[in-house]
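Trainee: Here is how the chains run, residue by residue.
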Amino acid sequence: MFLYAWLILILPLLGFVALSWVGNRLPEKLAGLAGCATVGASFLVTLICAGKMIGLEPADRLNHVEILYTWISSGSFNLDLAILVDPLSIFMFLIVTGVGFLIHVYSISYMKGDPEFSRFFAYLNLFIFSMLLLVAAADFFFLIVGWALVGLASYLLIGFWRDKTSAVLAARKAFIMNVIGDVGMVIAAFVIFDNFGTLNFVDVFSAAPDQFRLNDDTILLITLLLLVGAFAKSAQLPLHTWLPDAMEGPTPVSALIHAATMVTAGVYLVARCHVLYELAPYTMFLIAGIGALTAIFAGSMALVQYDIKRVIAYSTMSQLGFMFLAVGVGAFSIGMFHLMTHAFFKALLFLAAGSVIHGLNGEQDIRKMGGLRKVMPLTHITFLVGALALAGFPLTSGFFSKEAIIMSSFYSPLGNFVFWGIAVIAAGMTGFYIFRVYFYTFYGSSRSPEVHSHESPLVMLGPLLALAGLALVGGVLGPWTHEFLAPVFGVESPHYHDVMLETVTVVIGLGGILIAALIYLTSSDRLEFAKQAFAPLYDLLLNKYYVDEIYDFLIVKPTKAIGVFLEEKGEKYGIDYAVDEVGRQVRYVSSLVSLWQSGKVRTYALNMMAGLVVVLLFVVFL
Amino acid sequence: MGNQFLLIISATIFCIGSVGFLIRRNPLIMFMCIELMLNAVNLLLVGYSGFLNSLDGQIFALMIMAVAAAEVVVGLAIILTIFRTRHELDVDHMNVLKG
Amino acid sequence: MFEITYDVVVFIVGTTAVLASLGVVLCSSPIYCALYLIGHMICLALLFLLYHAEFIAAVQIIVYAGAVMILFLFIIALLGGKKEVQENTLHRMMAFAFVFILFGELLLAATVDKTLPLEGVFDQEAIQSLGSAKAVGLELFSRHLVPFELASALLLVAAVGIICLAKYQTTPRRQKRI
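As you go down the protein sequences, you meet chains A, B and C in turn.
Under my numbering, the first residue of the first sequence is numbered 1, with each subsequent residue one higher.
Under my numbering, the first residue of the second sequence is numbered 1001, with each subsequent residue one higher.
Under my numbering, the first residue of the third sequence is numbered 2001, with each subsequent residue one higher.
To be clear, the hints were calculated from the coordinates, so they are not data collected in a lab.
Just so you know, not all the hints are guaranteed correct.
[Unchecked claim] Examples of chain C residues toward chain B, derived with CB under 7 Å: (1) LEU2106; (2) LEU2108; (3) ALA2153; (4) LEU2156.
[Unchecked claim] A short, non-exhaustive set of chain A residues, derived as facing chain B with CB atoms under 10 Å: (5) SER594; (6) GLN597; (7) SER598; (8) GLY599; (9) ARG602.
[Claimed, not checked] Lysine-lysine pairs mimicking DSS-like chemistry, simulated, CA-CA at most 30 Å apart: (10) LYS2134/C <-> LYS2083/C; (11) LYS368/A <-> LYS531/A; (12) LYS368/A <-> LYS164/A; (13) LYS557/A <-> LYS569/A; (14) LYS164/A <-> LYS560/A; (15) LYS2167/C <-> LYS600/A; (16) LYS557/A <-> LYS2082/C; (17) LYS112/A <-> LYS368/A; (18) LYS2082/C <-> LYS1098/B; (19) LYS29/A <-> LYS112/A; (20) LYS1098/B <-> LYS569/A; (21) LYS544/A <-> LYS531/A; (22) LYS544/A <-> LYS368/A; (23) LYS544/A <-> LYS569/A; (24) LYS2083/C <-> LYS1098/B; (25) LYS572/A <-> LYS560/A; (26) LYS164/A <-> LYS544/A; (27) LYS2134/C <-> LYS1098/B; (28) LYS112/A <-> LYS374/A; (29) LYS2134/C <-> LYS600/A.
Just so it is clear, CB atoms sit at the ideal spot from N, CA and C, and this is done for glycine as well.
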């Protein structure tokens, strides 16, 4: 019924192929147009599919597996090129293609003049295709294929400016950490196949509740292994160190991949496999715990960063922690709703930051910015909207989704007071750090007056305005989201309303904004005072709790040492020696054998005689 | 005693011929030993054609004689050519194909 | 009686042939070896006659003892035959060993059970016509015509070959530039 949903995937793939093949011969405008057109067309097809899906009865919405081609069919193992079209995947399609399209349009202006313009759009299309494959996959195999492909696209895009050493190193780091996650996913796939005999989502999820009790060892193993992959992709503790460094890539990349889509793949994974996770409450507790911890951990680091993109990156990490907290306590559709609103306002924030950076000709340090409110009014308004949504200001979209998460962390059967407490503190930090950036950037006087700053062109502002609108009014999509996704999760997430807790949350959130205003909006004495009072803590936070250094010491250096050792000693004295030795022995033996060939006829005749004797023996007597 | 004697004679001449071939160093004498071996085989063939009442053995022997004649002639020509350059007749010294 | 005489004659001629072959192998001078070989071939021709293969006997004398051995004698005369000195080497011992084993095998093959020689059918009348030139000729030109023709081609090839091999260079090989 939804066979044309394949178009959603195929169009960006065609865009990637076409742009990588002939892109560098096209003029910039044409390449940009082609790149946007494919994603835009995908979005339109998605809208058609969504419309059709909404028209169906809720019970009919599940299990539409559209098979394109049977790839492997051996014995009892079947692997088809198939996509699963159900509310969850259509939901993700909408976000990926919609926000992706806006970011593509933005990139036409942001990357203008870059000599590798078409390559950028080719990679962006590749990424969109991979992300769509990931969310559309109907079995674990293609999920992992899409998983790995988005890791690849992320690597290509982070390291897009190939001459920038820091970018290349960051890309490598991101890829390696993603691969760690991939290993976990692949092992999980093996365990799943071993236990269920199939990799199809539909088959596995329908068989799982009958086959396993709660907290069965096998289910725990599967869910934990999948979790490794989810945490690596979504930059949760302890596999989080790649995300801040990934900001070395161009800003549209940060907006698309590291805010709206790729990093949310982990949350999508948990939501897709919710049947398995519901059978493993221990793992759910772990998810919620790590999500909450990451939320507060990342929030604390964002308090002191001075690179505008890095603050937003930590903010992403923190918000993903919120999402994991939500799915960890069983509120799956609430988590997905926050995923959507987060996509809106985080992409908005990144694009607005990109506009600021573009306007200041590449300056990213907020300590050198200031007073941009007057110079870039539209950017200012959109950034403000994004900041308000992020901080959960009442009536923005972020408010509704965050409130729902914080409520369910307390009220859900799997939630508890500690989770709620951590979530509230993290929410408070959120308000503080984003408005710190806001005040530094847009208020006061310019701290680097010699730089001439200008407002960004309309092509960049258009998507900003669109996203700002979505971030403001997206809250109304909440009830629709829960109702749309209900068939997938089996039960409509309960809405908790406790006026007192809600008020506490709102007050703490606004309090964060207020403190930031107090410190940064007025004089800088309070700033100095704060810095001195918290000096050692400040260093710890600024250096990201020295996690990178710990990893380097524990893991990177020993691995490198082993590699060097194997190359110098293992190769030289082991493998090379063995191979050479074989050659030497062959030569030695052949030199011995060649002594037999004396050149004398009589010797040869003797050999023939000996042979004759033996042959006669065998023929006549045996 | 019939054909047993034939077999023994033939075998003896053959073995004597092969011993001679392996022991002597003069190529001409080696050729003669080859002739001995061929003669032994001829003897066997012709004798048995009598015992088996068929002429196949004799025809075969005739062919062997033709071949032996051709072979001797060519071999002697080769020895002649080698002698022209080396002026000695010792097969042990003709080991250019050594190693 | 005829049988006994016949057997005795065969025995004597056979032994002479063996002794002559011993002479070929053991002599140190090539001329003497060649002469021993001629004697051996005559003995063999006698044996052929005793086995009623007259034509083959004649061919043996004419071709082998007559042409081939004369050629041998010519070459020996041309090249000279120095006396050969024999040393006791490993090679000699091994040769003797192998040939001894070979001889043993052949004897065993001749006398032991599974490979016993067949009991011959001596048909006196058939034998009279068996070895004559007429019989051989009939056989040769009817059933064995192709090998016969090929053998003649072989002899032709050999003749051409030795002309190429043994030709004296009548013209100088290299033109000397002055």
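Trainee: If a hint holds in the structure, say so; if it does not, say that too.
Mentor: For each hint, the structure was consulted:
{"no.": "1", "hint": "LEU2106", "result": "4 Å, holds"}
{"no.": "2", "hint": "LEU2108", "result": "10 Å, violated"}
{"no.": "3", "hint": "ALA2153", "result": "10 Å, violated"}
{"no.": "4", "hint": "LEU2156", "result": "9 Å, violated"}
{"no.": "5", "hint": "SER594", "result": "5 Å, holds"}
{"no.": "6", "hint": "GLN597", "result": "6 Å, holds"}
{"no.": "7", "hint": "SER598", "result": "6 Å, holds"}
{"no.": "8", "hint": "GLY599", "result": "3 Å, holds"}
{"no.": "9", "hint": "ARG602", "result": "6 Å, holds"}
{"no.": "10", "hint": "LYS2134/C <-> LYS2083/C", "result": "46 Å, violated"}
{"no.": "11", "hint": "LYS368/A <-> LYS531/A", "result": "18 Å, holds"}
{"no.": "12", "hint": "LYS368/A <-> LYS164/A", "result": "22 Å, holds"}
{"no.": "13", "hint": "LYS557/A <-> LYS569/A", "result": "18 Å, holds"}
{"no.": "14", "hint": "LYS164/A <-> LYS560/A", "result": "23 Å, holds"}
{"no.": "15", "hint": "LYS2167/C <-> LYS600/A", "result": "27 Å, holds"}
{"no.": "16", "hint": "LYS557/A <-> LYS2082/C", "result": "84 Å, violated"}
{"no.": "17", "hint": "LYS112/A <-> LYS368/A", "result": "25 Å, holds"}
{"no.": "18", "hint": "LYS2082/C <-> LYS1098/B", "result": "26 Å, holds"}
{"no.": "19", "hint": "LYS29/A <-> LYS112/A", "result": "9 Å, holds"}
{"no.": "20", "hint": "LYS1098/B <-> LYS569/A", "result": "43 Å, violated"}
{"no.": "21", "hint": "LYS544/A <-> LYS531/A", "result": "17 Å, holds"}
{"no.": "22", "hint": "LYS544/A <-> LYS368/A", "result": "22 Å, holds"}
{"no.": "23", "hint": "LYS544/A <-> LYS569/A", "result": "37 Å, violated"}
{"no.": "24", "hint": "LYS2083/C <-> LYS1098/B", "result": "26 Å, holds"}
{"no.": "25", "hint": "LYS572/A <-> LYS560/A", "result": "17 Å, holds"}
{"no.": "26", "hint": "LYS164/A <-> LYS544/A", "result": "23 Å, holds"}
{"no.": "27", "hint": "LYS2134/C <-> LYS1098/B", "result": "52 Å, violated"}
{"no.": "28", "hint": "LYS112/A <-> LYS374/A", "result": "25 Å, holds"}
{"no.": "29", "hint": "LYS2134/C <-> LYS600/A", "result": "47 Å, violated"}
In terms of the numbered hints stated before, the structure departs from hints 2, 3, 4, 10, 16, 20, 23, 27 and 29, listed from lowest to highest.
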